[in-house]
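Could you put together the complete structure from these sequences and hints?
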Amino acid sequence: MRALLTIAFFLFILLSGAGEKVHAARLDSIQIIIPKEQLILPGETFNLGVLAYKRNGKIKKNSGLLWRYKVEVVGGTYQAGQITVNPELSPSKGKYIRIKVFPRRHPELTREAYVPLNYETNLEFVPTHSFDKAPGVRVEGQLIRTYNNGQIRVSDKLRKKREAENFRFATDGGFWDKGKFTIHPDFQQIKGHQSRLFIQSVNTPSIIDTFSIQLDYKHNYQLQVYGRSGMDGHHGFSGSDGSFDGADGSPGGHGADGEYGEHAPDIGVWVDLYHDSLLNQPLLYVYAENLWTGKEHRYLINPAGGHFSVNSIGGRGGDGGHGGRGGDGAKGRDGEIWIERKVEKKRVHKPFKETKIVTEKKTITNSEGEEEEIEVKKEVVVTVWKEVEEEVVIEIKHQYPGLDGGNGGPGGTGGIAGDGGDGGSIWLYFTEDARPWQHLIRARSSGGSAGRNGDGGRGGNGGRGGDGKPTGRSGYNGPDGPSVFGWAYDGHDGKIQIMPTEEFFFYLSVTP
Numbered sequence: 001m002r003a004l005l006t007i008a009f010f011l012f013i014l015l016s017g018a019g020e021k022v023h024a025a026r027l028d029s030i031q032i033i034i035p036k037e038q039l040i041l042p043g044e045t046f047n048l049g050v051l052a053y054k055r056n057g058k059i060k061k062n063s064g065l066l067w068r069y070k071v072e073v074v075g076g077t078y079q080a081g082q083i084t085v086n087p088e089l090s091p092s093k094g095k096y097i098r099i100k101v102f103p104r105r106h107p108e109l110t111r112e113a114y115v116p117l118n119y120e121t122n123l124e125f126v127p128t129h130s131f132d133k134a135p136g137v138r139v140e141g142q143l144i145r146t147y148n149n150g151q152i153r154v155s156d157k158l159r160k161k162r163e164a165e166n167f168r169f170a171t172d173g174g175f176w177d178k179g180k181f182t183i184h185p186d187f188q189q190i191k192g193h194q195s196r197l198f199i200q201s202v203n204t205p206s207i208i209d210t211f212s213i214q215l216d217y218k219h220n221y222q223l224q225v226y227g228r229s230g231m232d233g234h235h236g237f238s239g240s241d242g243s244f245d246g247a248d249g250s251p252g253g254h255g256a257d258g259e260y261g262e263h264a265p266d267i268g269v270w271v272d273l274y275h276d277s278l279l280n281q282p283l284l285y286v287y288a289e290n291l292w293t294g295k296e297h298r299y300l301i302n303p304a305g306g307h308f309s310v311n312s313i314g315g316r317g318g319d320g321g322h323g324g325r326g327g328d329g330a331k332g333r334d335g336e337i338w339i340e341r342k343v344e345k346k347r348v349h350k351p352f353k354e355t356k357i358v359t360e361k362k363t364i365t366n367s368e369g370e371e372e373e374i375e376v377k378k379e380v381v382v383t384v385w386k387e388v389e390e391e392v393v394i395e396i397k398h399q400y401p402g403l404d405g406g407n408g409g410p411g412g413t414g415g416i417a418g419d420g421g422d423g424g425s426i427w428l429y430f431t432e433d434a435r436p437w438q439h440l441i442r443a444r445s446s447g448g449s450a451g452r453n454g455d456g457g458r459g460g461n462g463g464r465g466g467d468g469k470p471t472g473r474s475g476y477n478g479p480d481g482p483s484v485f486g487w488a489y490d491g492h493d494g495k496i497q498i499m500p501t502e503e504f505f506f507y508l509s510v511t512p
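Last residue of the sequence shown? That's 512 in UniProt numbering, and every number before it is there in order.
These aren't lab readings, by the way, just hints derived from the structure by calculation.
Please note that the accuracy of each hint is not assured.
Once the Cα atoms are required to be at most 27 Å apart in a straight line, the calculated DSS-like pairs of lysine-lysine come out as [to be verified]:
hint, residue 1, residue 2
1, Lys133, Lys93
2, Lys342, Lys386
3, Lys346, Lys386
4, Lys178, Lys161
5, Lys133, Lys218
6, Lys36, Lys70
7, Lys160, Lys93
8, Lys386, Lys397
9, Lys178, Lys218
10, Lys133, Lys95
11, Lys345, Lys386
12, Lys295, Lys218
13, Lys70, Lys133
14, Lys397, Lys346
15, Lys180, Lys95
16, Lys160, Lys191
As structure tokens, then:
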């Protein structure tokens, strides 16, 4: 029996060893897989895969967690089937990361790969909407990046820091702000009628795009000046409620009057025509000045599509304040309560105890030894109900009449609205050359709109009458405050005058 056990144990060991050799022989080699459509860039993550070649000729693709494999990375970090490239490797052109992969049970099958980082080969700013090519216009666009593996990325949320931090922006004749390029509003700050935006890739500094706008000045320019609006009148204060029983509420305060709107500034506009040698076409030069503050504005306008509108608008009149609400009347005092007590005679049934003699039959044994029934008298106490007359004290509750509640206070009067301010005067001066284009200069001077009168305040509520017999009368509600009779007036329109002037503008184009 012992010999048979020894043979069986030997066979078990032999077969187990053979099984391990067969298992070890299943895997022949491995290959690192990185999908070509992925971008490998500093600070970004890409997926890693492994092809396992079996000795029986089969191939198994491994992706995801890769828990059967050990992965080591130089120039990045590995976690759960993904590799994150170190941000410090930017700029990325000409740089690599090293990846080392091997099965955890078979480190002798180690494979290494030097993976080059991707980099931009082209960068282009493309507007997403049509725009006028004129000073002050904002241009919204997207950046299209092309990489050395043919992949393309579009950055269209340049207002967000996460996307914008991949680029450096510089301008000539404009400025970059909040993800948009704005052409400088002063044409004198633009050289050669060209406004430029320069974009440089942070990851590949050698890649720079220049977005250039050749201005044509076909734009509807607008200049608007306003008179200051009048301040609204403050609202009246609410009246205080009655401070003691039955007191009337106090009146609401009157609303204050609104202020008048201010007169709009006067404006002078001078228009001349010149031939621009760079654009090879005539342009209108417009100089406008706020004659109150001296502030200057300058414009170039292409007669073939451009316009200029100037508006001087009076300030709006202030609204009158609303009247304050009247105070509520106080509740009337409750009538005093008193108790009346009186004695009355009343007949009632009451229990009494009485002694009474009763006869009972009792069986005894006589002298002859025979049972004999005899009568026995017995004294007992019984309860007897009798009607008697007695005196009782009765309490009667009385209450004096309640006092009247206080009247509500009247509401305050609404304030008077202010008149609108007058529009400013506008003087238009045209040279002889510019006069044929007079229709392109549009002027309007409007008076400011009048304010609105304040509403009268609501009257206070009358106080409730005091409790009693009878209850006191409730106070009257206060009357609502009166609204102002009439209305305020809009401001008057200002005058517009057209006058001739001598040529005054001589433009020298500066070549960029």
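Tell me if the straight-line CA distance from Lys178 to Lys218 falls inside 27 Å. 25 Å, holds
Run the distance test for Lys70 versus Lys133: straight-line Cα separation, threshold 27 Å. Distance of about 59 Å is beyond 27 Å: violated.
Lys342 and Lys386: Cα distance at most 27 Å? 26 Å, holds
Can the restraint linking Lys160 and Lys191 be considered satisfied, given a maximum Cα separation of 27 Å? Given pair Lys160, Lys191 is violated - Cα atoms ~30 Å apart, limit 27 Å.
Measure nothing beyond the straight line between the CA atoms of Lys386 and Lys397; if it is 27 Å or shorter, mark the hint as holding. 33 Å, violated
Lys133 and Lys95 were given as a pair; does the straight-line alpha-carbon distance stay at or below 27 Å? Distance of about 42 Å is beyond 27 Å: violated.
27 Å Cα cutoff - pair Lys133, Lys93: Judged against 27 Å, a Cα distance of about 37 Å means the pair is violated.
Take the C-alpha atoms of Lys180 and Lys95, compute the straight-line distance between them, and say whether it is at most 27 Å. Answer violated: Lys180 to Lys95 is near 33 Å, above 27 Å.
Restraint check for Lys178 with Lys161, where alpha carbons must lie at most 27 Å apart: 9 Å, holds
Is Lys36 close enough to Lys70, meaning Cα to Cα at most 27 Å? 22 Å, holds
Given the hint that Lys397 pairs with Lys346, does the C-alpha gap stay at or below 27 Å? Status holds; Cα separation ~21 Å.
Going straight from one Cα to the other, do Lys160 and Lys93 come out at no more than 27 Å? Within the cut-off at roughly 26 Å; holds.
When held up to the earlier numbered hints, the structure conflicts with 1, 8, 10, 13, 15, 16 and fits the remainder.
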